[in-house]
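Visitor: Spelled out from the first residue to the last, the chains are:
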Amino acid sequence: MNIVVLVKQVPDSGSERTLDSSDNTVARASADNVINEMDEYAIEEALKVKEAHGGEVTILTMGPESATDTIRKALSMGADKAIHVTDPALHGSCVIATSAVLAKALGTLEWDLVLSGAQSTDGGLTMMPALLAERLGVAHLSGARKLAVDGSKLTVERQTDGGYWTIEGQTPAIVSTWDTMNEPRYPSFKGIMAAKSKPVTTLSLADLGVDESEVGLAAATSTVLEFASRPPKGAGQQVKDEGDGATKLADFLASKKFV
Amino acid sequence: MSEVLVLVEAVADGDNIGLKKVTLEMLTAARVLGEPSAVVAGASGTAAAVQDRLAEYGAAKIYVAESDDIDNHLVAPKAEVLAQLVADSAATAVLLPSTQEGQEIAGRLALKIGSGLLNDISEVDADGTATQVVFAGAVIVKSKVAKGTPIYTVRPNSVAPEAAPGAGEVIAVDVAISDDAKKVTVLDRTVESGGGRPELTEASVIVSGGRGVGSAENFALIEGLADSLGGAVGASRAATDSGFYPHQYQVGQTGKTVSPQLYLAVGISGAIQHRAGMQTSKTIVAINKDNEAPIFELADFGVVGDLFQIVPALTEEITKRKA
Ligand SMILES: Cc1cc2nc3c(=O)[nH]c(=O)nc-3n(C[C@H](O)[C@H](O)[C@H](O)COP(=O)(O)OP(=O)(O)OC[C@H]3O[C@@H](n4cnc5c(N)ncnc54)[C@H](O)[C@@H]3O)c2cc1C
Numbered sequence: 001m002n003i004v005v006l007v008k009q010v011p012d013s014g015s016e017r018t019l020d021s022s023d024n025t026v027a028r029a030s031a032d033n034v035i036n037e038m039d040e041y042a043i044e045e046a047l048k049v050k051e052a053h054g055g056e057v058t059i060l061t062m063g064p065e066s067a068t069d070t071i072r073k074a075l076s077m078g079a080d081k082a083i084h085v086t087d088p089a090l091h092g093s094c095v096i097a098t099s100a101v102l103a104k105a106l107g108t109l110e111w112d113l114v115l116s117g118a119q120s121t122d123g124g125l126t127m128m129p130a131l132l133a134e135r136l137g138v139a140h141l142s143g144a145r146k147l148a149v150d151g152s153k154l155t156v157e158r159q160t161d162g163g164y165w166t167i168e169g170q171t172p173a174i175v176s177t178w179d180t181m182n183e184p185r186y187p188s189f190k191g192i193m194a195a196k197s198k199p200v201t202t203l204s205l206a207d208l209g210v211d212e213s214e215v216g217l218a219a220a221t222s223t224v225l226e227f228a229s230r231p232p233k234g235a236g237q238q239v240k241d242e243g244d245g246a247t248k249l250a251d252f253l254a255s256k257k258f259v
Numbered sequence: 260m261s262e263v264l265v266l267v268e269a270v271a272d273g274d275n276i277g278l279k280k281v282t283l284e285m286l287t288a289a290r291v292l293g294e295p296s297a298v299v300a301g302a303s304g305t306a307a308a309v310q311d312r313l314a315e316y317g318a319a320k321i322y323v324a325e326s327d328d329i330d331n332h333l334v335a336p337k338a339e340v341l342a343q344l345v346a347d348s349a350a351t352a353v354l355l356p357s358t359q360e361g362q363e364i365a366g367r368l369a370l371k372i373g374s375g376l377l378n379d380i381s382e383v384d385a386d387g388t389a390t391q392v393v394f395a396g397a398v399i400v401k402s403k404v405a406k407g408t409p410i411y412t413v414r415p416n417s418v419a420p421e422a423a424p425g426a427g428e429v430i431a432v433d434v435a436i437s438d439d440a441k442k443v444t445v446l447d448r449t450v451e452s453g454g455g456r457p458e459l460t461e462a463s464v465i466v467s468g469g470r471g472v473g474s475a476e477n478f479a480l481i482e483g484l485a486d487s488l489g490g491a492v493g494a495s496r497a498a499t500d501s502g503f504y505p506h507q508y509q510v511g512q513t514g515k516t517v518s519p520q521l522y523l524a525v526g527i528s529g530a531i532q533h534r535a536g537m538q539t540s541k542t543i544v545a546i547n548k549d550n551e552a553p554i555f556e557l558a559d560f561g562v563v564g565d566l567f568q569i570v571p572a573l574t575e576e577i578t579k580r581k582a
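Sequence lines, in order, name chains A and B.
First residue of the first sequence? That's 1 in my numbering, and the numbers climb one at a time after it.
First residue of the second sequence? That's 260 in my numbering, and the numbers climb one at a time after it.
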C-alpha cells in the first residue's frame, strides 16, 4: 500500500504568532517554524500501515524553502521520500488554491492512501483533506481515531462530539487522523542520519502545470482587510484562600448571575 | 430581501431529535445579511422534529432534503444538497457550523459552487465582513470573501441566539445524490455518554480540570462542581493524556474550542495551547495554588489555594444558594 502523508510547516504554537503587516499573511519569518504537531500522528499511522502491509511512505509538503527542516524531520521518523512543492508565487495562497496545487502534486504520484493531520495548528483548518477528496473524487474518512486496513477496504472510527461513528470506504482514499490514534515515534539517531540521503524532489508551479495567476495573494478567494492584536484581558481580582475562598468565589458568581 | 442559507445541525439523542444551539446562533447571525432559510439535510423525520423551532428563530423557508442516501453517507451528500440549493435559490450567502462536519461540507461546497469561504468566524457584518479570532486568541482578523456566494462557518457560542419569528414555509427538495458522494458509508453511530451534561461546545458553563486534579477519581470533584452549575466538564491536555478524563473533553488548540459564558479552570496552569481553546470565554475564573500561574492573567476572578479545599466547599455553597 503506497501512502502519501500531507505535512505542513507552521509557526510554533508556543511562540508569539501574528500576521505580517505588509500583506496580512501569516508572519513566518519572525516565528519559530516547526512541523504541524497534528501531522506527526498521520506520519506514525502511515509507518504502521506500511509495516503491516508493505509499500512506500511519501511526504508531501507545500511551503517555503525553509520547510526542508520539517521534511527532514518527517523522513527521520521513517518515511521513504518526499515531494516539496515550493514556488515564490505561492505566497499568500488561500486554502482553495492550495488544495488545487496539492491535488496536482498528488496526481504525479502513485498512491492508495493519503493521510493527513486533523488540522493545522496555525490555521485550524479541518478542511484541506475534504477539499482534496472533492477535487480527486475519492473517499474521505475523517476524524479517524482508529484505522483498520483490509485489502482495499478501510474501516475507521470517527471521533464525534458525543461518541464515535464507524465508517467504511475503499482505496484510493484520504484519511484524516485524530491525535489519540497513536503515539508518534521519536526519530532515532539512525533515522536522522538516514534522512539526510533520502530523496526529496522539489516541484515548482511550472513543473505541476499550474499557472501563477491561479495562486498567491492576488488570486485568494478571501481577503484580509485588517488585523489587530486582541487587547490583553486585564487580569481581574485575585484572592488568596484563607478558608473563605469558596464563599468569595460564590459571591463573585452570584454577582454575575451564575448562581 | 436576499436569502441566506443556514445548514441546520440536528442531534439525535435516542429517538429525540433536537437542534444544536449553534443552529439558532447562525439563524440569528444570518439576519444581518438577509432573510434566513434553514436547510435540513439528513434522515427522514428530522425536519418534522425541529421545524417549529427553526421558524421561531427566524427561518422564512425551511428546505428539507431527507433520504437514506444522505443519512447513510458521510458529509459529501450534504454538500450536494447545498450546492443545488445555491443554484436554485437566490441565496447570497451560506452559513454552516464551525464543527468538523460543518467545515468539511463548507470546503466541498466552495469547490462545487466556485466560491471563497471564511472559516470559524465569530461575527459577520451586513457588508459581509467577518471577524475571526486566531492564534490562541491573540489576534483579531477582519476579512471578506472575494469570490462567488460567500460561505462562512460560524464558531459555536459566539452569537447570542435571539428568537424572531419567521414564516417557516416548508419546501421539500429532491436531490439525486451522486455515486461520488456515496463513497463513505456510515455503518454505526455509537454514543459515549457525557453523564447527561450539556455538550462541551454548546455549554454556557464549563468547569475544566487539569493536572492539578491528580487522578481520574478526583475528577468527580470537577463533575460535582459542573453539575451544581448545570455545566459541562472539560479537561486540559495534561489531564486527558494522563488518563484522568476522556480525550473528547479536551479543551485547547488540539481539542475543542469553547466560548461559554463562564469558564472555570481548576488546577490548570494556562499554557498557550490551552488558552487557544477557551480565551474567548465571557467570564473566566481560575482556582490554582500557584499565584503566578499564567491562567490568572486572563481570569476575571482568581482564587489562590488548594483545589481540594476550595472545590468541595464551593460546590456546597452553590448548591445551598440555589436551594
Ligand atoms: C502542539 C501542542 C498542542 C497542545 N494542545 C493542547 C490542548 O489542546 N489543550 C491543552 O490543555 N494543552 C495542550 N497542549 C499542552 C500544553 O502545552 C500544556 O502542557 C497543558 O495545557 C498543561 O496542562 P495543565 O495546565 O493541566 O498542567 P500543568 O501545566 O502541569 O498545570 C497544573 C496546574 O495545577 C496547579 N495545581 C496543582 N495542584 C493543585 C492543587 N492541589 N490545587 C490547586 N492547583 C493545583 C499547578 O499550580 C499548575 O498550575 C499542547 C501542547 C502542544 C505542544
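Check each hint, because a few of them may be wrong.
Below 16 Å or equal to it, Euclidean Cα-Cα: the simulated EDC-like pairs (lysine to aspartate or glutamate) are [what the hints assert, rightly or not]:
1. 403(B) <-> 23(A)
2. 256(A) <-> 386(B)
3. 48(A) <-> 110(A)
4. 240(A) <-> 565(B)
5. 403(B) <-> 226(A)
6. 233(A) <-> 556(B)
7. 279(B) <-> 482(B)
8. 48(A) <-> 168(A)
9. 401(B) <-> 384(B)
10. 48(A) <-> 20(A)
11. 441(B) <-> 330(B)
12. 406(B) <-> 69(A)
13. 81(A) <-> 69(A)
14. 248(A) <-> 272(B)
15. 401(B) <-> 242(A)
16. 196(A) <-> 69(A)
17. 248(A) <-> 330(B)
18. 240(A) <-> 458(B)
19. 403(B) <-> 386(B)
20. 401(B) <-> 23(A)
21. 50(A) <-> 12(A)
22. 198(A) <-> 69(A)
23. 581(B) <-> 214(A)
24. 548(B) <-> 168(A)
25. 146(A) <-> 447(B)
26. 541(B) <-> 447(B)
27. 240(A) <-> 551(B)
28. 279(B) <-> 458(B)
29. 257(A) <-> 447(B)
30. 548(B) <-> 242(A)
31. 196(A) <-> 23(A)
32. 441(B) <-> 168(A)
No lab work stands behind these hints, which were simulated from the structure alone.
Visitor: Decide, hint by hint, whether the structure agrees.
Guide: Hints versus structure:
no. : hint              : in the structure
1   : 403(B) <-> 23(A)  : 15 Å, holds
2   : 256(A) <-> 386(B) : 34 Å, violated
3   : 48(A) <-> 110(A)  : 19 Å, violated
4   : 240(A) <-> 565(B) : 10 Å, holds
5   : 403(B) <-> 226(A) : 10 Å, holds
6   : 233(A) <-> 556(B) : 7 Å, holds
7   : 279(B) <-> 482(B) : 22 Å, violated
8   : 48(A) <-> 168(A)  : 19 Å, violated
9   : 401(B) <-> 384(B) : 10 Å, holds
10  : 48(A) <-> 20(A)   : 39 Å, violated
11  : 441(B) <-> 330(B) : 10 Å, holds
12  : 406(B) <-> 69(A)  : 35 Å, violated
13  : 81(A) <-> 69(A)   : 14 Å, holds
14  : 248(A) <-> 272(B) : 38 Å, violated
15  : 401(B) <-> 242(A) : 45 Å, violated
16  : 196(A) <-> 69(A)  : 11 Å, holds
17  : 248(A) <-> 330(B) : 50 Å, violated
18  : 240(A) <-> 458(B) : 32 Å, violated
19  : 403(B) <-> 386(B) : 9 Å, holds
20  : 401(B) <-> 23(A)  : 14 Å, holds
21  : 50(A) <-> 12(A)   : 29 Å, violated
22  : 198(A) <-> 69(A)  : 13 Å, holds
23  : 581(B) <-> 214(A) : 60 Å, violated
24  : 548(B) <-> 168(A) : 48 Å, violated
25  : 146(A) <-> 447(B) : 14 Å, holds
26  : 541(B) <-> 447(B) : 37 Å, violated
27  : 240(A) <-> 551(B) : 12 Å, holds
28  : 279(B) <-> 458(B) : 9 Å, holds
29  : 257(A) <-> 447(B) : 42 Å, violated
30  : 548(B) <-> 242(A) : 12 Å, holds
31  : 196(A) <-> 23(A)  : 35 Å, violated
32  : 441(B) <-> 168(A) : 11 Å, holds
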